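Asker: Single-letter residue listing:
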Amino acid sequence: MSNYSKSQSIREGIWSLIVGLKITAKNFLKPTITVHYPRETVPTDKLEGYRGHIELVPKPKDPFTPKCIMCNLCATVCPSGCIKLVTVKEPIEEKSKSGTNTQEDKKTAKKKFKKKLVAFELNYNYCSLCGLCVQNCSVKSLRFSKDIYLAGYSKEEFEYDLLARLRAKAKVKSAKELPQKNSEG
Amino acid sequence: MLDTTLDSLDLRGDFYTRNFQPHPSENRLILNMGPQHPSTHGVLRVILEIDGEYIVRAEPVLGYIHRMHERMAEVKRYEQYLPNLGRIDYLHALAWNWAYVGAVERLMGLEVPKRAEYIRVITCELNRISSHLLWWGAYLLDLGAFTPIMYAFADREIIMDILQRITGSRLTYCYYRFGGVSQDIDDKFIEQTKELCKYLRPRLKMYKDFVTDNIIFRKRVEGIGIIETEILRKYGATGPVLRGSGIAYDVRKTKPYSVYSEIEFDVPSYELEDAFGRYLVRMQEMEESLKIIEQCLEQLPAGDFILPKAPKRPKPPAGEVYFTVEGARGEIGVHLLSDGSAYPYRLKLRSPSFSNLSLFPEVVKGTLLADAVSILGSLDLVIPEIDR
Amino acid sequence: MISLAQIPIPLIKIVVGLLGILIFIGLNGLACVYLERKVAGHIQRRPGPFEVGPHGILQPIADAVKLVAKQMITPKGADPILYWSAPIISFAPAIVCFLPLPFGPSLQNISINIGLIMVLAFSSLNVLALCLGGWSSQNKWSLLGAARDIAQSVAYEIPLLLSMLPIVLLTGSLNLADITAYQGAWPWQWLVVKQPLAFIIFFVCIFAETNRAPFDLPEAESELTAGFHTEYAGMGFGLFFLAEYSYMVVGCALATILFLGGYQGPVAPGWWWFLIKVYGLLMVMIWVRWSFPRVRFDQLLNLTWKWFTPLILINILITALVVKLI
Amino acid sequence: MTKEGLGHVLEVKPGFCALLATGKVGYKKQLFILPDDLLNVVKHLDECGYALENITALEIEEGFLLVYHFNQWNNGEKLALKVLLTDGVKEIDSISDVYPGALWHERECFDFFGIVFKNHSNLIPLLLDPKENIHPLLKAKNKRQPLAAIMPESEKIEQYIKIEELGK
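Residue numbers (this note's numbering), protein chains in the order written: chain A, 1 to 185; chain B, 186 to 573; chain C, 574 to 899; chain D, 900 to 1067.
These aren't lab readings, by the way, just hints derived from the structure by calculation.
No experiment lies behind these values; they were computed from the predicted model shown.
DMTMM-like, lysine to aspartate or glutamate: derived pairs with alpha carbons at most 20 Å apart:
no. : chain 1 : residue 1 : chain 2 : residue 2
1   : D       : Lys-928   : D       : Glu-1052
2   : B       : Lys-500   : B       : Glu-259
3   : D       : Lys-1017  : D       : Asp-996
4   : B       : Lys-500   : B       : Glu-255
5   : C       : Lys-879   : A       : Glu-12
6   : D       : Lys-1055  : B       : Asp-524
7   : B       : Lys-299   : B       : Glu-449
8   : B       : Lys-383   : B       : Glu-449
9   : D       : Lys-1042  : D       : Glu-960
10  : B       : Lys-379   : A       : Asp-45
11  : D       : Lys-942   : B       : Glu-415
12  : A       : Lys-46    : B       : Glu-380
13  : B       : Lys-390   : A       : Glu-12
14  : A       : Lys-116   : A       : Asp-161
15  : A       : Lys-26    : C       : Glu-609
16  : B       : Lys-390   : B       : Glu-342
17  : C       : Lys-713   : B       : Asp-236
18  : B       : Lys-373   : A       : Asp-45
19  : A       : Lys-26    : B       : Asp-398
20  : B       : Lys-379   : B       : Glu-472
Here are some of the chain B residues that sit facing chain C, going by a computed Cβ distance under 8 Å:
no. : residue
21  : Leu-214
22  : Pro-223
23  : Ser-224
24  : Asp-327
25  : Gly-329
26  : Thr-332
27  : Met-335
28  : Lys-404
29  : Leu-553
30  : Ala-555
So these bits of chain A aren't anywhere near chain C, every CB distance computed over 10 Å:
no. : residue
31  : Arg-11
32  : Tyr-50
33  : Lys-59
34  : Pro-60
35  : Lys-61
36  : Asp-62
37  : Cys-71
38  : Phe-113
39  : Leu-117
40  : Asn-123
Ideal placement from N, C-alpha and C gives every residue a C-beta, glycine not left out.
For reference, chain A alone in the conformation it holds in the complex (with noise of 0.2 Å):
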């Protein structure tokens, strides 16, 4: 290497130091970009698409049941098998011909016998969001939530009942909206 050369390369050795420098100076003045999380959250429109733990959708004229058709596709379609949905078979009350509850009657009318949602139950800790559930099922009753800030002392507080959630949203937001019915009314 010549001597021009050489210094040459100390001078930009040198000068990309200087550079270097004014860069981070300048970062410096720049505000910060942090979010001071107890005090602020995230805005709501970068939440947009985030995807929280599964929700039931309410039917659209009754928000205290779910549309769920307890077909179970939700539950053998998870990769992690994380959903459970507990049913039980609820007599279907019909008035047989005779007009009386007899015994016999009772025996045939074993197939007439309903299904209900007791619980659906989601145990979170496994969820892994891949959105299949969602995806597959046939009558769109899951959706993402947007509880995104969770934490909890235990595992157990990640097991949750969506249909007991889905009442309990219900009943707040009926709360809400019966003393503006009745101001209106």
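Place chains B, C and D on chain A using the hints.
Answerer: Just chains B, C and D, lined up with the frame of chain A:
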């Protein structure tokens, strides 16, 4: 002043140290770099035999986060395996998504709609940029500069915000489905992505001024970790490691899949063969990715984002398929064998980092400890991908 | 019973001075921790410590409490005497280094005519401490860190000493107060104007001597985990930490006295000028740390043997000639 | 039963490789060879400038099938070597002398299937716990499928070629 009682303690090492063949001589030191070491990025462990600070021999030890993904594939149905893919290489999750989904599609003969292909290219390239950004920051962290990773994260955050709106997750994406993607992109996404492209170019220029031209950085990477083509071939290295040695092999270009053949972009390669060459390739690739994204946004056709007739719970016919895509770290391959049932018969995941790391012992011989860190970083390893 | 008058005045002076210096070192440690973290934070566009007190002002105290309260662990197989003596050997000479520094016109603890040599002699003891700490803690990373530290300190001691010689030649004194007095209040009267090269080399050598990035090789965390203090916990680590910041201040103070006119300033000369200059230099050290990658070990040694030592020797030669001729 | 499903595959003669139809598999070529010919073929591929990409194995009814993936950089053409280990044989030559990159792939196969690679310099577990001797990818007897069921292409042998003529 060593305590003689030390011999009674079990200091003979564990299984891997004892099997570090041939045994080192008396005047050399065996050093366990990792599994908890700041510059092995996760839980890689490298047994080093050192003479002073010179490395005589090195042997990586794997398996600290081995999860047996290949066995998991055999006990899960095809669609149930999808979330696993995002967790193999968490930095370029969408490439793994694509490799698997593509393999199944090829086996079933599914024709993916044009729009879905474009969406896949856009999201995959966004993910590649975010992966390279993280690598850039982490590599500089290895070399002792603390600030670049914070700048890289600030930019990466924007990409993650954009992808989050569409895919629903920020890191372990599970977005691609058989025959398309799970959600269509909208105008806001397109607008945000265009803004990102405009924003990132000056940032990349700033990175160049800040780091690439820096004399201390240059001295740390130039001429370090020279990998000859012959070694690359025998170890099957791919990706930027290969292109840093002057071989312009890129699956996107050499054997185009999806719509890559319709897009104009260069495959950067440098014949430097050293860590700096690999560094330059990745920096250049980010700009190429931006180019690809911009072209795709312009050419984006209307149509379905997923094949309407695509089976949600597929049962591919019996057969074999080997599908490769270009990930941020190299060629990702999925070798899938089906016996016609709803469960894969055998799924082999060919991870690029695995092959890239396997040449590390060859390259690191005779270098300084600080250079070993520099070389290890320049290979861009993601340990979950190696261990699978 | 000894009456108070019987105690010699210099002894009282030294005891009071030592107490003052200890307080100063403690406060300096707190201030430096806060400064370092805040500067680092803002350079990286984050706020730095923020939660303890307003703008995290009490964070250093919380850190100190944590360090003091932590259990002091001696690793299995370590030599306990050497292991625990190392942080003390590292910290104690730092106090002595402050004694001859003239903080202000009348703020000098002991005015001795070999003040400069005294500071250098005691600050060199740090090498021994790091070597002992690294070697006795029975850890391979610590051992490597200690080995690096010895080579680095020995190599950089030479240009550091040599870069002070031109000043001594010019001023004709080793007394730090005299050197300060030789310079004037205004920046063009300072010695940095006459000796810019010596100043740059001196300042870079301080980086290496105090193990600051980009020359923080003995504790290079991405290579040697934490280098010589890998095994230290609690106050053992705390003392090393405090010593590092003290030596940084000593180095910056020396640079101020030798090159930047000490406590003299354009308006209202006094100890505040001294502190402003010292902490200004300290800011530069912090700024550099968060801007650059770390150099490699052989490059570090190349820099001193191939560049700094010959350059400073030429500088001395020219200075000597000029002093002789004028 | 075991040998019926193999079709023509077992008719491969020493020194020859059977070129199979590729269909949509994704290789340019796929070859069936005898275990004894492996080293010769690999040496020949090395001379032709192929890069080793991957080594994988699977358990089938007949035994084990090893698949070696090779790649060419200039055109991205892939070549698959398939070697069948029948009659309870669990040993095969290591190709690590020719392709040192195979060391880890072979250790992985040893981990997952217990296949022993002869002349391997350090055949110790790579990913699994060395204390426990389990091979997780071995299938239960009733789950194993015959080769023809999972690789329909292997039934159609297009031609037999000599090892020396492979690269052309």
